[in-house]
Amino acid sequence: MEDKVILVSPSGVKLERKLVCAFTSLDSDRPNIKNIPVIAVETGEMNGANYVLEFYWEQNGLYTPVNNENAWGEVKKTIIDIINGKMEVEGSI
Amino acid sequence: MAKVSLFKPSEISVSEEMKGKQIAVKENNITSLNDFYQTNLKVESPIVEEQITNVEESKDNAFAFMNNLEENAVNNSILENEETVSIMDNTEEVIENAPVVNLDTTNLDETPVIDITIPANEPDVVDDGTNNAPIINLIPDEQIVETEEEMDPELKEIQERLNQVIADLDQYKKKIKKLEIEINENLEKSREVLKDTQAAAKIMSIQQERQKSISEEATGDSVLEDPTRILNIVA
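Taken in sequence, the protein lines are chains H and A.
Heads up, the first sequence is in this note's numbering, so the first residue is 1 and it goes up one at a time.
Heads up, the second sequence is in this note's numbering, so the first residue is 1 and it goes up one at a time.
No false leads were mixed into what you were given.
Calculated pairs, SDA-like style, for lysine to any residue (alpha carbon to alpha carbon, straight line, at most 20 Å): (1) H:Lys77 x H:Thr24; (2) H:Lys18 x A:Asp35; (3) A:Lys19 x H:Glu45; (4) H:Lys34 x A:Lys8.
Calculated directly from the structure, the hints in this document are not laboratory data.
Here the structure is a predicted model, which is why all the values come from computation and not from measurement.
Isolated chain H, as found in the complex:
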C-alpha cells in the first residue's frame, strides 16, 4: 500500500509526496520530539543512488520543517533506530 500526502503551503502551493514513515516518539530520552508527530516523505529526488527524504513535525496543528536542531538530531536517531531494528512500537493511531 502506497500512501501519499499533499503538502499545502499557506499560498496554496501543493506538493505531492509519497509517505515513507509517520511516527510519534514516546521515548523520554528524546524530549524534543516526544509526543510530536513526525512524517518522513519521499521527495522523488535522488542523491546518486540514494533516496532523499524530507521530514516535517507537527507544530500548532500544522506540519513544519524540523527547524530545531536538537529535535532534528533526535529525528535522525529515531530513523537510524528504525533502520537498525532498535524500535519498539506501542500501538498506533
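Model the placement of chain A on the given structure of chain H, informed by the hints.
Just chain A now, with coordinates in the frame of chain H:
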C-alpha cells in the same frame, strides 16, 4: 529501547516554506522504513483503515483528508554540491566529520554523494547482508537549494502585460478622482450663483409689485379728478 507510535496522516498543511529537513538513504534503508511503517501500522491497528474515512471527526487528527490530487503538483528540488557533512549527537557535538569533497561543478547533471558510516558507538547494527553498516547520507540544509519551476515565457509576458494594465488602471483611477473633485467644486459654485440669481429675481419681483401698486393708485385719482368726462359719455 526507543519507542514510537505509528500513525496515518491525511492532509498535511505546511506552515513554512515547503522544504523540510532532508537526509538521503539507500534503497534498502527506505525499504526498511516502509516495511516497518506498513507492517507495524497494519498489525497494531487493523481498524485504522476504517477510521480513515472518518478523518474529519477525529479529534487527534490535525488535518483533513485531501482527495483531490492535482496533476503535475510535484515540485522537484535540486541539491547543491556539498562539501562537508557532519554527524552530530544530541548535544551538537561533532562526532564524525565527512571528508571534504571538491566537486566538479561543470557537469550539473551529476549529484554529489558522500557515504558516511554510522559511528562505531552504535552497537547491534543490522547486517544488511554486505557486512556493512547501513549508510545514511546527511545533507546540510543550508546547502540544499530548491529551485522553482521557471514560468512559461508566454505566461511571463502575459503577467507583465497584466501588471502594466493594473498600473495604468491605478493612474486612471487617480485622474477620475481628481475630476470628481473638480466637478464637485464647480457644482458648488453653480449652486451659489443660482442662489444669488434667485435672490435677485425675487428682489426684482418685489420692486415690480410695488411699482404696479403705485401706478394703480395714481390712475384711480385722475378718474376722480374729471367726473364730467364720464357723464358726457353716458349722455
